[in-house]
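Join the two chains into one complex using the hints; note that each chain is given alone, in its own frame.
Protein chains in written order, with the working numbering: chain A, 14 to 262; chain B, 2 to 58.
Read the hints as simulated data drawn from the structure, not as lab findings. The model shown is predicted, which means the values in this text are computed figures rather than measured ones. From the three backbone atoms N, C-alpha and C, an ideal C-beta is built for every residue, glycine too. Keep in mind that a hint or two might mislead.
What follows is a set of in silico ranges between Cβ atoms, one per label pair, in the way DEER data are often shown [what the hints assert, rightly or not]:
| hint | chain 1 | residue 1 | chain 2 | residue 2 | range |
| --- | --- | --- | --- | --- | --- |
| 1 | B | Trp-21 | A | Ala-62 | 24 to 32 Å |
| 2 | A | Leu-156 | B | Ala-13 | 18 to 26 Å |
| 3 | B | Leu-5 | A | Asp-140 | 19 to 27 Å |
Calculated Cβ distances over 10 Å to all of chain A for the following chain B residues [what the hints assert, rightly or not]:
| hint | residue |
| --- | --- |
| 4 | Ala-46 |
| 5 | Arg-47 |
| 6 | Ala-48 |
| 7 | Ala-49 |
| 8 | Thr-50 |
| 9 | Ala-51 |
| 10 | Ala-52 |
| 11 | Gly-53 |
Straight-line distance between alpha carbons at most 25 Å, and here's what the computed DMTMM-like set of lysine to aspartate or glutamate pairs gives [unchecked claim]:
| hint | chain 1 | residue 1 | chain 2 | residue 2 |
| --- | --- | --- | --- | --- |
| 12 | A | Lys-218 | B | Glu-6 |
| 13 | A | Lys-103 | B | Glu-36 |
| 14 | A | Lys-251 | B | Glu-44 |
| 15 | A | Lys-251 | B | Glu-36 |
Below are the chains, spelled out letter by letter.
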Amino acid sequence: MNRLLLWFHQLGSPPVFDRFAARWTPWGFGLGLVGMAIGLYGALFVVPADYQQGDSFRILYIHVPAAWMSLMVYALMAVYAAIALIWHIKLCEVLAMACAPIGAWFTAVTLATGSIWGRPMWGTWWDWDPRLTSELVLLFLYLGVIGLNAAIEDRRAAARAAGFLAIVGVVLLPIIRYSVEWWNSLHQGATIRMFGEDAMDPSMKWPLWVMIIATKAWFVGSLLQRARADNLAREAGKDWARAAAGVEK
Amino acid sequence: MSYLEYVIGAYAVFALYLAWDFWAPRLRLSRTRREIAARARREAARAATAAGKEPSA
Chain A
14 MNRLLLWFHQ LGSPPVFDRF AARWTPWGFG LGLVGMAIGL YGALFVVPAD YQQGDSFRIL
74 YIHVPAAWMS LMVYALMAVY AAIALIWHIK LCEVLAMACA PIGAWFTAVT LATGSIWGRP
134 MWGTWWDWDP RLTSELVLLF LYLGVIGLNA AIEDRRAAAR AAGFLAIVGV VLLPIIRYSV
194 EWWNSLHQGA TIRMFGEDAM DPSMKWPLWV MIIATKAWFV GSLLQRARAD NLAREAGKDW
254 ARAAAGVEK
Chain B
2 MSYLEYVIGA YAVFALYLAW DFWAPRLRLS RTRREIAARA RREAARAATA AGKEPSA
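Just chain B, with the same shape it has in the complex (with noise of 0.2 Å):
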């Protein structure tokens, strides 16, 4: 093959963008929704501390 070694070379680019492409929102999702369940968490720890302190009547 003629010019291999541009045709590698653009190629090269192409497979690296689809990778990256398939990838970044992947993981961008998956820390997400981790933030999402930290979040919960949080919320839920919060509001334990807050129903144990509160007086009895």
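In isolation and in its complexed conformation, chain A is listed as follows (with noise of 0.2 Å):
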């Protein structure tokens, strides 16, 4: 078998996937909080204030990577939640369940970093706007698989469930992508692209790219953290989970 797919085989296996998360754990949280460091500082130090806008700009960088980071999680959550339902493996259900907080969370951010933005530019905290209405409507679709998974006692059982809501409520991504364009809407188009042209001068731009690809490896540290928990609580009757909570034979 190739390499690479036998460690991938193995990394399914929960004390190879702890020892792997016990290791990688440090690294997604320490470069997400240098990145971050790194960005925040160009963000609101270096770049210059918006012509229109003023400072209050700033809080686009970290409004789009949270925006960004809430529909990524949830795709990726869907993604491992239907590995899971297909192929029964336990660590994708763990992780999958591992991504709804982190999500849910980020979503949260995005509309709180949003609405603050929105006082003083809009004149308004919320407006019933697409964009801002389907972020909404993702934020309680992350609750709703947060609570459907916590409801039912079989850890099983429920991992399936709110995996099969996640699964659903993956059309409701494009709708928040492509909201500003479908409809009339208050919130402006996409601010940065990755292909093309965008709407943001060069000199403002790297400490949002910065700041996106932190967010990235931060999460990456907050899902092993919360798939190593899950994984050792849900073997915590076997011999590696207690040697790993060490305890001594």
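See the structure below:
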């Protein structure tokens, strides 16, 4: 078997995953923190104020990365849930359910920072605009997944039910992404694009990219840490879990 | 800096989220470890009690 494929199969084993997560969690958090320190320094002290929005545009450096993460984490959660449902891989159930609180918080941060920016720029904290409303629905979907997972006692049945909800909810992602194009929206179009022209001056862009990458590194750390705790709780009766918890034989 | 209170408010929300996201899974992991250790102690105590009660041949 291909070595990479073999490693991937082995990673599905709970004790191997525990060791993997223990090793890479500090790297995720560490790289995320360093990246955010650099990105936020650039965002707050290096880039010039916007000619129209003044300094309030600096909120964008946390709002946009959080918004991207809210969508990316949901897509990843649905992928893990689909793998778990199709191939019955227990670790994918753990990873899918570990995604939910992280994604929910990124969505809440997106809504909160957007609202704080909207007050001086739009003159209101909230508007039932398609982008804002669909992002709020995303938060409710995350909460639904978390609630369903917590409501069922059997951990595997809970993860399967919540995973199914996560998969169904994927339909919301393109609605959020294209809501500003499909409907008349108070929310502006995409500020930056991966490919092609965007609306942002190049001098203002680098801290945003640093923040986008840093939030992803942070997410890796958070996901591994949460999945590790859940994995250990599910395997509490096993010898390896006892050894990992520091219990002597 | 213009709109300072809004910028501070938004960054404070983000900082609070990061702090929670860092500590919450860490606390859960240490609680899980404690629970595993407590369960192992209970099982060891039960096994010792059972062994003590066994009738001698």
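Reported absence of Arg-47 of chain B from the contact zone with chain A (all CB gaps over 10 Å): Per Cβ check, Arg-47 of chain B is outside 10 Å of chain A; nearest 14 Å; holds.
For the range 19 to 27 Å, tell me whether the beta carbons of Leu-5 of chain B and Asp-140 of chain A fit it or not. holds (24 Å)
Proposed proximity, Glu-44 of chain B with Lys-251 of chain A (alpha carbon, max 25 Å): Since the Cα atoms of Lys-251 of chain A and Glu-44 of chain B sit roughly 13 Å apart, the hinted pair holds (cutoff 25 Å).
Once the closest CB in chain A is found, is it more than 10 Å from Thr-50 of chain B? At roughly 19 Å from the nearest Cβ of chain A, Thr-50 of chain B sits farther out than 10 Å, so the non-interface label holds.
For the range 24 to 32 Å, tell me whether the beta carbons of Trp-21 of chain B and Ala-62 of chain A fit it or not. Holds - the Cβ-Cβ distance for Trp-21 of chain B and Ala-62 of chain A, about 30 Å, lies within 24 to 32 Å.
Taking the Cβ atom of Leu-156 of chain A and the Cβ atom of Ala-13 of chain B, is their distance within the range 18 to 26 Å? holds (23 Å)
Are the Cα positions of Lys-251 of chain A and Glu-36 of chain B separated by 25 Å at most? Since the Cα atoms of Lys-251 of chain A and Glu-36 of chain B sit roughly 13 Å apart, the hinted pair holds (cutoff 25 Å).
Can we confirm that no CB of chain A comes within 10 Å of the CB of Gly-53 of chain B? holds (20 Å)
Can we confirm that no CB of chain A comes within 10 Å of the CB of Ala-51 of chain B? Per Cβ check, Ala-51 of chain B is outside 10 Å of chain A; nearest 18 Å; holds.
Against chain A, does Ala-46 of chain B keep a CB gap of more than 10 Å to every residue? holds (13 Å)
Does Glu-6 of chain B sit within 25 Å of Lys-218 of chain A, going by the straight-line distance between their CA atoms? Roughly 23 Å separates the two Cα atoms, so the pair holds.
Taking the minimum C-beta separation from Ala-52 of chain B to chain A, is that value above 10 Å? Per Cβ check, Ala-52 of chain B is outside 10 Å of chain A; nearest 16 Å; holds.
Hint compliance for this structure: no hint is broken.
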